[in-house]
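**Student:** Listed below are the residues making up each chain.
Protein chains: 2
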Amino acid sequence: MKLKQAIIVRTDLGMGKGKIAGQVAHAAVQAAESIRRYCPDWYYSWLEDDDGIQTKIILKVDSEAKLQALSRDAFVQGINPAKIYDAGRTQLEPSTFTAIGIGPAPEYKLDPLIKDLKLL
Amino acid sequence: MKLKQAIIVRTDLGMGKGKIAGQVAHAAVQAAESIRRYCPDWYYSWLEDDDGIQTKIILKVDSEAKLQALSRDAFVQGINPAKIYDAGRTQLEPSTFTAIGIGPAPEYKLDPLIKDLKLL
Numbered sequence: 001m002k003l004k005q006a007i008i009v010r011t012d013l014g015m016g017k018g019k020i021a022g023q024v025a026h027a028a029v030q031a032a033e034s035i036r037r038y039c040p041d042w043y044y045s046w047l048e049d050d051d052g053i054q055t056k057i058i059l060k061v062d063s064e065a066k067l068q069a070l071s072r073d074a075f076v077q078g079i080n081p082a083k084i085y086d087a088g089r090t091q092l093e094p095s096t097f098t099a100i101g102i103g104p105a106p107e108y109k110l111d112p113l114i115k116d117l118k119l120l
Numbered sequence: 001m002k003l004k005q006a007i008i009v010r011t012d013l014g015m016g017k018g019k020i021a022g023q024v025a026h027a028a029v030q031a032a033e034s035i036r037r038y039c040p041d042w043y044y045s046w047l048e049d050d051d052g053i054q055t056k057i058i059l060k061v062d063s064e065a066k067l068q069a070l071s072r073d074a075f076v077q078g079i080n081p082a083k084i085y086d087a088g089r090t091q092l093e094p095s096t097f098t099a100i101g102i103g104p105a106p107e108y109k110l111d112p113l114i115k116d117l118k119l120l
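Taken in sequence, the protein lines are chains P and H.
So that you can map any letter, position 112 of the first sequence is 112 in our numbering, and since no number is skipped, the others follow by simple counting.
So that you can map any letter, position 66 of the second sequence is 66 in our numbering, and since no number is skipped, the others follow by simple counting.
Check the hints yourself; a few may be wrong.
To be verified - Non-contacting residues of chain P with respect to chain H, defined by C-beta distances greater than 10 Å in every case (computed):
no.: 1; residue: 2
no.: 2; residue: 12
no.: 3; residue: 39
no.: 4; residue: 45
no.: 5; residue: 62
no.: 6; residue: 63
no.: 7; residue: 69
no.: 8; residue: 72
no.: 9; residue: 92
no.: 10; residue: 114
no.: 11; residue: 116
What the hints assert, rightly or not - Taking lysine-lysine and the DSS-like style, the derived pairs with C-alpha atoms no more than 25 Å apart in a straight line are:
no.: 12; chain 1: H; residue 1: 118; chain 2: P; residue 2: 19
no.: 13; chain 1: H; residue 1: 66; chain 2: H; residue 2: 118
no.: 14; chain 1: P; residue 1: 17; chain 2: H; residue 2: 19
no.: 15; chain 1: P; residue 1: 83; chain 2: P; residue 2: 118
no.: 16; chain 1: P; residue 1: 19; chain 2: H; residue 2: 4
no.: 17; chain 1: H; residue 1: 66; chain 2: P; residue 2: 115
no.: 18; chain 1: H; residue 1: 109; chain 2: H; residue 2: 17
no.: 19; chain 1: P; residue 1: 17; chain 2: H; residue 2: 66
no.: 20; chain 1: P; residue 1: 83; chain 2: H; residue 2: 109
To be verified - For each label pair, taking beta carbons as the anchor points, the in silico distance ranges come out as:
no.: 21; chain 1: H; residue 1: 97; chain 2: P; residue 2: 109; range: 32 to 42 Å
no.: 22; chain 1: P; residue 1: 108; chain 2: H; residue 2: 112; range: 29 to 39 Å
no.: 23; chain 1: H; residue 1: 112; chain 2: P; residue 2: 73; range: 40 to 50 Å
no.: 24; chain 1: P; residue 1: 108; chain 2: H; residue 2: 90; range: 35 to 45 Å
no.: 25; chain 1: P; residue 1: 112; chain 2: H; residue 2: 77; range: 41 to 51 Å
no.: 26; chain 1: P; residue 1: 73; chain 2: H; residue 2: 12; range: 33 to 43 Å
Don't read these hints as lab results, they were simulated from the structure.
None of these values were measured; they are calculated from a predicted model.
Yeah, the Cβ is synthetic: ideal placement off N, Cα and C, and Gly gets one too.
Whole structure, please, built from the sequences with the hints as guidance.
**Tutor:** Written out as structure tokens, the structure reads:
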């Protein structure tokens, strides 16, 4: 069973590349920790996969509404998403919803959720 | 004791923002997992810090040599860094050393290592 993690970030907020990378890193760590706690089999299979690299895919959406819809879809699919809100100390308004992390999870569950999204 | 995680990425490789975000996410997850195993007190203090967000700082260097030097310095300081090598399937040559993650670790240990680096 192949596993991967998807991270989806908003591109409509005008974030710079450092800001984007930070939001993606938050989503990756929080989603991984969430799966480690609630589905350790998925987490450790992913951590120690054959490639030696934890497969990740970084995708984009252009609105908060699309991020919310993805969060709901992931939840319904049985993968609790990590939702990232920026503290708003630098470039953004406080509590801006910037990104989500989904998984690691089996591809047969994850791929249908993200099939229409484009790579960042 | 305030803790944070530093992620340092090379900017001399011509990586796009999606590629950069992916390397940063790999470094964040691998460094966090490494600290969880070898110094769980640091990991859980950081995970549950007062802000509810795991403090991260994303920095840049412009050469492999600087990334290697930082890795050595972190190791000497007692923080085992996560070194990220790209598989080279897309934009880069195989086994390109792209990024490192350091910590979460106490700021008094981490800050001296990164004081001369610029934000990504």
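**Student:** Each of the hints needs a verdict: does it hold here or not?
**Tutor:** Okay, the hints, checked on the actual structure:
1. Under the 10 Å C-beta cut-off, the non-interface status given to residue 2 of chain P relative to chain H holds; the minimum distance is some 15 Å.
2. Its beta-carbon lying about 15 Å from the closest one in chain H, residue 12 of chain P satisfies the requirement of being farther than 10 Å from that chain.
3. Remark: the non-interface label on residue 39 of chain P is consistent with the geometry, its nearest Cβ contact in chain H lying 16 Å away (cut-off 10 Å).
4. For residue 45 of chain P, the condition that its CB be more than 10 Å from all CB atoms of chain H holds, with the nearest at approximately 14 Å.
5. No Cβ of chain H comes within 10 Å of the Cβ of residue 62 of chain P; the nearest lies about 15 Å off, and the non-interface call holds.
6. Every CB of chain H lies more than 10 Å from the CB of residue 63 of chain P, the least distance being 18 Å, so the non-interface label holds.
7. At roughly 21 Å, the least C-beta separation between residue 69 of chain P and chain H is larger than 10 Å, which holds for a residue marked as non-interface.
8. Interface exclusion of residue 72 of chain P from chain H stands, the closest Cβ pair being 22 Å apart, more than 10 Å.
9. The Cβ of residue 92 of chain P lies farther than 10 Å from every Cβ of chain H, with a closest approach of about 13 Å, so its non-interface assignment holds.
10. Here residue 114 of chain P stays apart from chain H, with its beta-carbon at least about 14 Å from theirs, past the 10 Å limit.
11. Taking the minimum C-beta to C-beta distance to chain H, about 17 Å, the non-interface status of residue 116 of chain P holds against the 10 Å cut.
12. With a C-alpha separation of about 13 Å, the suggested pairing of residue 118 of chain H with residue 19 of chain P holds against the 25 Å cut-off.
13. Our distance criterion of 25 Å between C-alpha atoms is met by residue 66 of chain H and residue 118 of chain H, whose separation comes to about 13 Å.
14. Note on residue 17 of chain P and residue 19 of chain H: the hinted pairing holds, with a Cα-Cα distance of about 10 Å set against a maximum of 25 Å.
15. Between residue 83 of chain P and residue 118 of chain P the CA atoms are separated by roughly 19 Å; this keeps the pair inside 25 Å, and the hint holds.
16. With a C-alpha separation of about 16 Å, the suggested pair residue 19 of chain P and residue 4 of chain H falls inside the 25 Å cut-off, and the hint holds.
17. Simply put, residue 66 of chain H and residue 115 of chain P have alpha-carbon atoms about 38 Å apart, too far for the 25 Å limit, and the pair is violated.
18. Distance restraint check for residue 109 of chain H and residue 17 of chain H: the Cα-Cα separation of roughly 29 Å exceeds the 25 Å cut-off, and the hinted pair is therefore not satisfied.
19. Using a Cα cut-off of 25 Å, the hinted pair residue 17 of chain P and residue 66 of chain H holds, with the two alpha carbons roughly 21 Å apart.
20. Restraint check for residue 83 of chain P and residue 109 of chain H: not satisfied, since their Cα atoms lie roughly 30 Å apart, outside the 25 Å limit.
21. Taking the beta carbon of each, residue 97 of chain H and residue 109 of chain P are about 33 Å apart, inside 32 to 42 Å as hinted.
22. At roughly 47 Å, the beta-carbon separation of residue 108 of chain P and residue 112 of chain H lies outside the given 29 to 39 Å, and the hint is violated.
23. Between residue 112 of chain H and residue 73 of chain P the beta carbon distance is about 45 Å. The supplied range of 40 to 50 Å therefore holds.
24. Checked against the hint of 35 to 45 Å, the pair residue 108 of chain P and residue 90 of chain H fails, with Cβ atoms roughly 24 Å apart.
25. Range check, residue 112 of chain P to residue 77 of chain H: Cβ separation about 45 Å, and the 41 to 51 Å hint holds.
26. Checked against the hint of 33 to 43 Å, the C-beta distance between residue 73 of chain P and residue 12 of chain H comes to roughly 39 Å, which is consistent with it.
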